[in-house]
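Participant: The lines below spell out each chain.
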Amino acid sequence: MNKKEINSTNYRWQCRRGMLELDLLLNNFVDLGVETLTTEQRQAFELLLSYPDQTLLDLLLGNAVSSDPEIFDVVRLIRSTSFN
Amino acid sequence: MNTDINAVERRQFDTLIIGAGGGGLRASLQLAEAELNVAVVSKVFPTRSHTVAAQGGMNAALANVSPDNWHWHMFDTVKGSDYLGDQDAIEYMCRAAPKAVYELEHFGVPFSRLDNGKIYQRAFGGQSQNFGGDQAARTCAAADRTGHAILHSLYQQNIRARTHFFDEYFAVDLLKDDEGHVLGALVFNIHDGKIVVIEAKTTLLATGGAGQLFKTTTNALINTGDGMGMAMRAGIPLQDMEFFQFHPTGIAGRGMLITEGARGEGGYLVNGDGERLMERYAPKAKDLASRDVVSRAIAVEVREGRGCGPNKDHVMLKLDHLGEDVIQKRLPGIRQTCITFLGIDPAEAPIPVFPTAHYTMGGIPTNRYGQVVVPVKDTPEEPVAGLYAAGECACVSVHGGNRLGGNSLLDILVFGRAAANHIIKYLKENKYHRIIDDAVIKKVVEKVNRFDRVTTGSETVAGLRNELKQVMEEHCSVFRNKEILQQGVAKVESIAARMKDVSIDDQSHTFNTARVEAFELENLMAVALATIHSANAREESRGAHSRTDFTERDDKSWMRHSLYSFENGLDYKPVRTKPMSVESFPPKPRVY
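Protein chains in written order, with our numbering: chain A, 15 to 98; chain B, -2 to 589.
Just so you know, the hints here were simulated from the structure itself, not pulled from any lab data. Wrong hints could be hidden among the right ones.
[As the list claims (entries may be wrong)] Computed list of chain B residues with no C-beta within reach of chain A, every gap over 10 Å:
hint : residue
1    : K40
2    : M253
3    : G302
4    : L339
5    : G340
6    : Y366
7    : D375
8    : A493
9    : E580
[Stated by the list, open to error] Sample of chain A residues with no beta-carbon within 12 Å of chain B, all distances over it, derived:
hint : residue
10   : N24
11   : D82
12   : D87
[As the list claims (entries may be wrong)] Simulated crosslink set (EDC-like; lysine to aspartate or glutamate; CA at most 20 Å straight-line):
hint : chain 1 : residue 1 : chain 2 : residue 2
13   : B       : K283      : B       : D322
14   : B       : K326      : A       : D37
15   : B       : K466      : A       : D72
16   : B       : K315      : B       : E272
17   : B       : K497      : B       : D449
18   : B       : K444      : B       : E378
19   : B       : K212      : A       : D37
C-beta: ideal position from N, C-alpha, C; glycine also.
Just chain B, with the same shape it has in the complex (with noise of 0.2 Å):
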């Protein structure tokens, strides 16, 4: 690897893409057929980014079901948030909604169709009509596929549009200026170690979820937070990392969701005991309560003793009594997923479940342009000269506590779009690139060569990382208080103080993905931190964010966003309540 910097190689863009899942390609797109010169560094080829795994859909108000407009769509967005998100920008999202879908069309996406030709559309929780009345049909689908569609029909018209690629790059660090501006990124080839300074007038991270966090995940292996772990070694706080989505029946130890459809068509959940555990729980509903209560209750009987299996780690889910011929025709997804991965048919016994992390709420605060923000003095939203993010990474916030499904395809078409829209605008007033100073270079440079000396290091990466994403899942997942997070917050303490003890055994230069997993650990680390961090400071129960000690939202004392940095710890800033054209909803009840 490069020792030398005057040795490493250097390119020029105009902006510099990180991550090439939908909210990367549709900015990369913009730009590209904007005659800019955009490069998109992705550390996995780009139609293997997690936006693949999307397949519920893409909410719009377009009314080709039930009656709709965009400011129902709003209303519901807002309140899903429970109050947490900004409403400028959730009017923005919705507004945009009904063109980023006919833009996706246009670019070869293919919809599923009604009778009469127009898109289908199909009913998903939480969304309302006329203001929290009957049910609404929003979500936009391509199948079960809509994720892979979408991406898919991104990439090839990046590819018309002549977009630069560096397929299986890894970014390592920003690298900024004295006067705080972004001038791009360092990053290596993945394949043989080479190093690449690369130089942009603006940068745009977007790199996804960081649901790797936790030991039960629905993520894919890929989302470390890499976009959040540079953002705050770049000095920017992370917002409202507390608020992690959760499902409460993934597969117990593997992660993967059993879709609610499964207690929808009558399954249910025991305990070690053998009880039917939700009549404890929620009398009424059951097992058809909301997520959280769900997956809180499967978190208290498994603390309490009562789990299943020689750990007693999980709980069952029932589905056998459903009889084979249902499970096959309603339910053949899950039975295949049971079979490959557990050897067991849920047409036989039960499936071992327990609530699995799937989506990050929180992240790199940005405002509706796609700049990231950050509070300087008296000013709680500052740009940060030439950085933008867009999608799952960002918190821009229109998800707030709580993300409502088929809103994550379209918050990062939007804001991807919005973000380029407004490089582009950045750049006719900045045509010239910043020098870089070498010392900068040299940091990273040197970093990223330490692991290429053999060094005794105590740790290992893969020995950090499951402790980390153990103790994560203990201590920050759907059961919090202040004992548990208070723990938690000095064991993710004195796991992160054991970083700088890591070796890694492969010194090669060739496919090194030793080195690849020890950079993301570091970036899992910073955003563990940012989480367990945050939950433990809010001191109230609000959408995603549950606590057994507080268990009442707090308009008075919460409802502000969370902001952490490794600078200057915790702060906080208001939550922008003013739409852009229209009257603010005022916080109620989050009852449906």
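With the rest of the complex left out, here is chain A (with noise of 0.2 Å):
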């Protein structure tokens, strides 16, 4: 998935969330994770981008894990961008 075609999905804008916390950490990995994902991590990012905002962010803060692999993996993902 190149820069462009990211651009013609609503990744962007479904990353600006009610929360700095998530702000940072989705839109960080829209910029320097999402190309690399597989069409079943792709699959399961647009999941994750659907759950409300504490979800999300007990999730990505490491408070909660998901029980569901496939969101466990991207979550991980999510987290190795964050320091950039």
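Starting from the two chains in their separate frames, assemble the complex, guided by the hints.
Facilitator: Below is the structure:
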């Protein structure tokens, strides 16, 4: 998935959330990590974006762990880009 | 995108609400339940509004934990505002607070409970019993996710009441007629760029704050002062914009808040020389001095070259001496945030911190019915026909110079409801839509379409935005004096003048976030001008506006509200010191 394809998705707007922490983690991931996702991982990312903000925050800050292995995997990838 | 204005879709509603946070959704619910035809426009999905981030809770004198009454709450709010709050609005809010909490309970908000089944209330700073006596416990909370619980409950109630939502639509400008009536707004769908004119007999702005003005902020990216910018372009001044609340310890360069609890547990600040800096600024209270004292101390250290890091642009908050067990037990959230964003475990290394912009006390001037009010000739507060505002984008003014913790959720709910009640009355007397002149619509359509053309403008949105945020942080944050502010005014004016040269790379109509960001920047620019001009002019220290060259509060000259508009620059109006039914609280030194 190249930059142009990413821009034609609604990822960037779906990553505008009610909390700064989510904005930073998710937008950073769209810039740095989305390009390399497999189709299955992209589907898991889209499912993750449909979660309520508070649930997302708990998952992405490591306060909760998803029992869905694909969501777990995408959360791990997002957290791995968080220092940038 | 549509160019022929006859082809532009038009929709008609009794009320248009712009913004779907707690204030907007409380108002829309009241209106929908009164069987009015109400539309809510939100640039993000409603439950992603910034209300979701409010953790602390909501104040109401329920007296479930300590003796309490609304009059004590009123005293604390007036004192907290540093006597700039309007006492009629404050009385109204404090009296309405218990009812607002019970209503939310009925809407399904799961407030935390005491063993006796009553709503639990926690103590916050600035809360007292008996007009400045013992600590009160006044804040109702749904664990640490009160805003989330309120927003989701209100959204569900609105779905039940059949409120019409325009999700992911961006409101560009208000539409007015020659007589000054506000007749709705022009919006576009972020998904496909389609323009819609929403004609409404009444319009309520509930778009939240403008923390994105500053480089370091706790606010989400959506907080770009959209309603404030729209109001200014419609000729309405912004009130008290120099009062912006900062929290001393945000993660440097990122903004996320490190709660005072970290210093309460024994954490302390050190500068680039390894010196425990607060010993010099507050020898007694040290790191537990009030927020503004700690914020300014950090800013002074950085300004004088004693900051940390390669750019010497922050100080360090040291917690590692507390030990891993204490940090894990008492500050688990902070530990997790630092590990996630910095790769730093505070149990092992200090946290880089800098003051972070948190809350916009100023905003669109309203009375306690939520009507937007402007000065007309000798009348300081003449309602603008058909226009209302509520929540952080409004200045009613209950927070005055400084907001108390737990009063912001209360503000949005009480005045969201009050505005809706006034709208219901207004609509009984104003039953028909007024005609919108095509020329008014055409002007906004052309503004939107400007970005359809490939241009060779020399400025980028991201470039100007970053420059603006940096200038605001350096010149209008916690360290203010004449020289710094005047330089800031010149710099912001110069950045604003470059807005006309902005171009965007993306001319598509599908999820064109570049276009949205350009309009957000236009709003931020308006708010920045109002903020820095008002701060430059106010030659005193009051509440969050603290100047090193005018260190005292000056009630004789400055106990008045600032108003800044594009048309008239600065103007002032008196504070409403007369409450609705009780004696005024006269200004006294604000000592805690």
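Participant: In ascending order, which of the hints set out earlier in this document are inconsistent with the structure?
Facilitator: Result: hints 1, 2, 4, 5, 10, 13, 14, 15, 18 break, sorted rising.
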